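Residue numbers (my numbering), protein chains in the order written: chain A, 1 to 347; chain B, 1 to 347; chain C, 1 to 347.
For the record, the hints were derived by calculation from the structure and aren't laboratory data. Here the structure is a predicted model, which means the values were calculated and not measured. Careful: at least some of the hints might be erroneous.
Ranges of calculated distance between the beta carbons of each label pair, as one might list FRET restraints [claimed, not checked]:
| no. | chain 1 | residue 1 | chain 2 | residue 2 | range |
| --- | --- | --- | --- | --- | --- |
| 1 | A | ASN129 | C | ASN170 | 28 to 34 Å |
| 2 | A | GLN311 | B | LYS145 | 26 to 32 Å |
| 3 | B | GLY278 | C | LYS147 | 33 to 39 Å |
| 4 | B | ASP289 | C | ASN77 | 44 to 50 Å |
| 5 | A | ILE169 | B | PRO328 | 55 to 61 Å |
| 6 | A | ILE291 | C | LYS54 | 38 to 44 Å |
| 7 | B | PRO328 | C | PHE4 | 32 to 38 Å |
| 8 | A | GLU53 | C | ASN170 | 34 to 40 Å |
| 9 | A | ASN129 | C | PRO157 | 53 to 59 Å |
For glycine and all other residues, C-beta sits at the position ideal for the given N, C-alpha and C.
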Amino acid sequence: MGNFFEDFSIGQKIVHPLPRTITDGDVSLYIAFTGSRFALHSSDVVATEMGYEKRPIDDVLMFHLTFGKSVQDISLNAIANLGYAEISFPNPVYIGDTVSMTSTVIGLKENSNGKSGVVYVHSIGVNQNGAEVLNFKRWVMVHKKDKETLTGIKEVPTFAEATPICEEINIPEIKCVDVFASGGNFFFEDYEKGERLNHPEGITVDNSDHTLATKLYQNNAKVHFNDHMMKSTPMGQRLMYGGIVISMARAISFNGLQNAQWMYAINSGAHANPTYAGDTIYAYTEVLDVIEHKRDDIGLLRLRTIAVKNQRPEEIESPKDKDGKYLPNVVLDLDYTVIIPKRKTQK
Amino acid sequence: MGNFFEDFSIGQKIVHPLPRTITDGDVSLYIAFTGSRFALHSSDVVATEMGYEKRPIDDVLMFHLTFGKSVQDISLNAIANLGYAEISFPNPVYIGDTVSMTSTVIGLKENSNGKSGVVYVHSIGVNQNGAEVLNFKRWVMVHKKDKETLTGIKEVPTFAEATPICEEINIPEIKCVDVFASGGNFFFEDYEKGERLNHPEGITVDNSDHTLATKLYQNNAKVHFNDHMMKSTPMGQRLMYGGIVISMARAISFNGLQNAQWMYAINSGAHANPTYAGDTIYAYTEVLDVIEHKRDDIGLLRLRTIAVKNQRPEEIESPKDKDGKYLPNVVLDLDYTVIIPKRKTQK
Amino acid sequence: MGNFFEDFSIGQKIVHPLPRTITDGDVSLYIAFTGSRFALHSSDVVATEMGYEKRPIDDVLMFHLTFGKSVQDISLNAIANLGYAEISFPNPVYIGDTVSMTSTVIGLKENSNGKSGVVYVHSIGVNQNGAEVLNFKRWVMVHKKDKETLTGIKEVPTFAEATPICEEINIPEIKCVDVFASGGNFFFEDYEKGERLNHPEGITVDNSDHTLATKLYQNNAKVHFNDHMMKSTPMGQRLMYGGIVISMARAISFNGLQNAQWMYAINSGAHANPTYAGDTIYAYTEVLDVIEHKRDDIGLLRLRTIAVKNQRPEEIESPKDKDGKYLPNVVLDLDYTVIIPKRKTQK
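Next up, chain A with everything else stripped away, as it sits in the complex (with noise of 0.2 Å):
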């Protein structure tokens, strides 16, 4: 079961199973697992007043439902999940779409020790109209079924620092962002590069919700739904799917981020501990850049949002410790870029 280091060659193509339409019913249960309040995602009204034609699906869902998809090919055994690069979001998913993903091997690098090796793909979901609805990079780490042969390959693509941003930005014209049903007053104008926002929520995850969670994303890494095989581990019990945290994360920083409801890109992003059950998940937002785009309506705020478990944000005063290790709370320190309105789209 899943593939090892030998299984890959620089130039593979690999078409991952199970096409998932998406529906009511997943975004009923993401609401229900995040208690995500963006409106845009849980309101056709605002959708369509704002330029839609109905409401588009929430992208962090829409990551998990297609990411899920390459687990089984590229990471089911894998040692360790070592990062991610230039995320993007290229066009919407609406209810009823029904995604896929392809994955190309683009790196390999064996271990000096000979035993294990890290896989680089670059991995593309589309539609069922075969339109780009996710792009992104990865790179895993694999046992090698040889280990006593060394084959000394070492391929290492390199990536972008953040996700470019592109000349086109494949969202309608906001004509207008009502206030009173977004819930947030804020606009593109409204943030400044270096501020910080401590959000006020926090939200305890128990065993049954991320595991409904993943297993709804049919994301099959045993690690996560596994109470018995992980009773033998150090960790001793199911560990909560890293994508559980970035969700909860984006959730939360909805206090101060109500009308940025687009996600564009994801730059970078480190799970920095592990989660469990009956953690409470907290975060806070710093912006790190306020970019202009040569659309008029719309601007974008790359972020960096680091999630706490367990301790309120605002007694984080950095994620990292004086020797640059992630405090012991720090479960996830993720840059990545929104879209937001500009005050002129305000009703």
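Go by the hints and put chains B and C onto chain A.
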């Protein structure tokens, strides 16, 4: 976060954010949370046979999805949710409808200690066409910002003892009730003022279920889902949202009230004691009144449903002790009015 | 509540209440409960490519939603659910369909102690157009009201050892199976009588998940969701609904049976030991028979799936010990027949 006593003024109108489109996903989740078996809400065939074009949404689910919107503005930091009155459900809501809510401040009363006060609001929920779907009054105690200055404000509205019953009731003329579909043989004529129904079922609620429900309703009162915060309070754990108990009691009341498929009004309610994960909810119902209406296909029953935790309802004679204090296991005392077809509609 | 032995008579027809409209919400919840990955049920693209107009509902989900209706009348107070036979799934069910069920009493056998008896029923589920979607026989032991009088009634029906296979199978002609979509390369021709598949996944079930599922199915057998009551029984806690284990075993069997996406029949089943919250379910499958059909696009496999709790399936050689008693960790012994396309359909 949240409003203080001084933030409110008589006549002030508050448009609550987050209009919400109600979907099949919400309906399925509601059945999963409660086990509700009222046929009108889970079968298109039953609904059309009765005279509907399609299944209407369960009134209590609609209440939660609409009410949840007002928490942020009215009660996020409430010291106490003191009461509600004159709740009515003026029009049915269907899948695909988008509900939103507005509140008007109708009363303010500073407490004599100067530290807090009571805010009274009148809240109206509408669908995407502006038709009223929920109408109620509630009052909450909130902190004052300036605890030193006494304002002496005291404008207290009066409330009807029971929600008035209108000449027109906005449900279709009931063409027929198939007792083999609804599961119940009892019609309006079969109930007598003063009779009591002990409902046999008890349902245990766990942390995942109640927090999933509260998050689905986008009710962000933190006492319900932040275990880290609650551990440092006298409760020591997450408090279940009172609406969960209303839903469970309503679902449990199915046995004996199978054909009373419409909430017409909630006249008053007391959340007598808190409920926590692991509690098993039981309920019994007293028929307070049997009310004829000018329509000859339906009548109304005024009911009092008492929900009890971890104790069979037949063991409780009255919810209060001889001093008028609620017994420790009583968790809800709900006075409400339901619509029930007359025997002539029986198929 | 619930029926006693004397309430049943041979030939008696029972129309079970609560016709149920099946929605996208039910389907999403089912995926969340089980992690099921059969592509036909989660992708409209896959379904139409195969020859369907749209995704059919997973047969096991449909079974639960339809079967749940009979609990109130047949088995609410059953002393034991003794068995079932000749379960078949005659027609596909789609989102939006409304299923309902009727049972006929086909056998009655008083127990020799005079205190209880066995009731045999034949249950038929239909969709809103009257097409049969589920057909099965089951027998349950129920209490007698009058434990003093011996009636001597003994009419015991006989059952086929396996559900007969019909000339016509009501699934569309399979146009093509895209193995990159279904995730599996094995077709009818690849299976051999006697072979065994150890499925690698184990899934832990918690109280919230299994009670949410059982409530969604509107199965109101109280042993599954009343913890207060169960604490005073030898079990000491809520018992998981046996159907949950069938669903988990079926979902886990995906690995190795990816293209066997249709339940044709359940021939027999034994719930060998109870399962509780916290148990991790594993499974293995034996191929009992390889069955040709006159259709040349498909064949059938008769399978025996053994579900085991808290033990890897490869550690179990046979589910029973040398005395023919089930091993303590075996929780399901299911004999069923699936449809699987032939290799010629491969795309």
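Results for each hint:
no., hint, in the structure
1, A:ASN129 <-> C:ASN170: 28 to 34 Å, "holds, 31 Å"
2, A:GLN311 <-> B:LYS145: 26 to 32 Å, "holds, 28 Å"
3, B:GLY278 <-> C:LYS147: 33 to 39 Å, "holds, 36 Å"
4, B:ASP289 <-> C:ASN77: 44 to 50 Å, "violated, 33 Å"
5, A:ILE169 <-> B:PRO328: 55 to 61 Å, "holds, 59 Å"
6, A:ILE291 <-> C:LYS54: 38 to 44 Å, "holds, 42 Å"
7, B:PRO328 <-> C:PHE4: 32 to 38 Å, "holds, 36 Å"
8, A:GLU53 <-> C:ASN170: 34 to 40 Å, "holds, 37 Å"
9, A:ASN129 <-> C:PRO157: 53 to 59 Å, "holds, 54 Å"
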